[in-house]
Amino acid sequence: EPEVTQTPSHQVTQMGQEVILRCVPISNHLYFYWYRQILGQKVEFLVSFYNNEISEKSEIFDDQFSVERPDGSNFTLKIRSTKLEDSAMYFCASRKYVGNQPQHFGDGTRLSIL
Amino acid sequence: SQQGEEDPQALSIQEGENATMNCSYKTSINNLQWYRQNSGRGLVHLILIRSNEREKHSGRLRVTLDTSKKSSSLLITASRAADTASYFCATDASNTGKLIFGQGTTLQVKP
Chain G
1 EPEVTQTPSH
11 QVTQMGQEVI
21 LRCVPISNHL
31 YFYWYRQILG
41 QKVEFLVSFY
51 NNEISEKSEI
61 FDDQFSVERP
71 DGSNFTLKIR
81 STKLEDSAMY
91 FCASRKYVGN
101 QPQHFGDGTR
111 LSIL
Chain V
1 SQQGEEDPQA
11 LSIQEGENAT
21 MNCSYKTSIN
31 NLQWYRQNSG
41 RGLVHLILIR
51 SNEREKHSGR
61 LRVTLDTSKK
71 SSSLLITASR
81 AADTASYFCA
91 TDASNTGKLI
101 FGQGTTLQVK
111 P
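For the protein sequence lines, the chains are G and V, in the order given.
FYI, this note's numbering numbers position 98 of the first sequence as 98, with every residue one higher than the one before it.
FYI, this note's numbering numbers position 54 of the second sequence as 54, with every residue one higher than the one before it.
Read the hints as simulated data drawn from the structure, not as lab findings.
Just so you know, these numbers come straight off a predicted model, no measurement behind them.
Each residue gets a CB set at the ideal place from its N, CA and C atoms; glycine is no exception.
Errors might be hidden in some of the hints.
What the hints assert, rightly or not - Here are the simulated BS3-like cross-link-like pairs (lysine-lysine), alpha carbons at most 30 Å apart as the crow flies:
#, chain 1, residue 1, chain 2, residue 2
1, G, Lys42, V, Lys70
2, G, Lys96, V, Lys26
3, G, Lys57, V, Lys70
4, G, Lys57, V, Lys69
5, V, Lys56, G, Lys42
6, V, Lys110, G, Lys42
7, V, Lys110, G, Lys96
8, V, Lys70, V, Lys26
9, V, Lys70, G, Lys96
10, G, Lys57, G, Lys83
11, G, Lys42, V, Lys26
12, G, Lys42, G, Lys83
13, G, Lys78, G, Lys57
14, V, Lys26, G, Lys57
15, G, Lys96, V, Lys56
What the hints assert, rightly or not - Pairwise CB distance ranges, derived in the manner of DEER restraints:
#, chain 1, residue 1, chain 2, residue 2, range
16, V, Gly59, G, Lys83, 34 to 44 Å
17, G, Asn28, V, Gly40, 42 to 52 Å
18, V, Ala10, G, Lys96, 28 to 38 Å
19, V, Ser12, G, Gly40, 32 to 42 Å
20, G, Gly40, V, Ala82, 44 to 54 Å
21, G, Asn28, V, Glu55, 24 to 34 Å
22, G, Gln17, V, Gly40, 17 to 27 Å
23, G, Val12, V, Asn18, 19 to 29 Å
Construct the entire structure; sequences and hints are all you get.
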């Protein structure tokens, strides 16, 4: 069964550095999402992406965050100047259509900011 | 906010028993979904129930939805040790498909 894949599985970065988290959504899916989960807390929506543009973003998704679909297969989340509080699990998800369809999640990237 | 709130936060049962988890939310929804998360892993979709449905079954899973009370429940029957995980409800209420997750219920099934 097709899967959403995320790399790396664990990223350790110094505070203030830029980091790029990578995702390969399921190939025929059209809608893409990033979520994050701070340790011990619930999963929080960051951003949704469709037709090569952001369709919705949360308050968390401020100017330090950006997303890109640089080619037909990858979907990336960039954090420009990382802060300690950016430490979390970051999940990518995709779905084929909007409506009554489930989202398919990757296994996540654990981001640790030192 | 349109948060899903779940109870209990933690549940410990013996293998073979049933586990019931509840979820409440605040706004009207398109659908409600349940996900499972094993420790350190991603979210696995379990079941989706549409706003016009009241009950849905999938294997040992039974989900109910009461839109008048803005609540849902997930029942896992005949639990197994392998069901040990965190379970999250998530509501889909926007036209972008974003999900709003609850706090989750941590289920431990003792062999």
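Quiz item: Can you list which hints this structure breaks, lowest number first?
Solution: Result: hints 7, 17, 19, 20 and 23 break, sorted rising.
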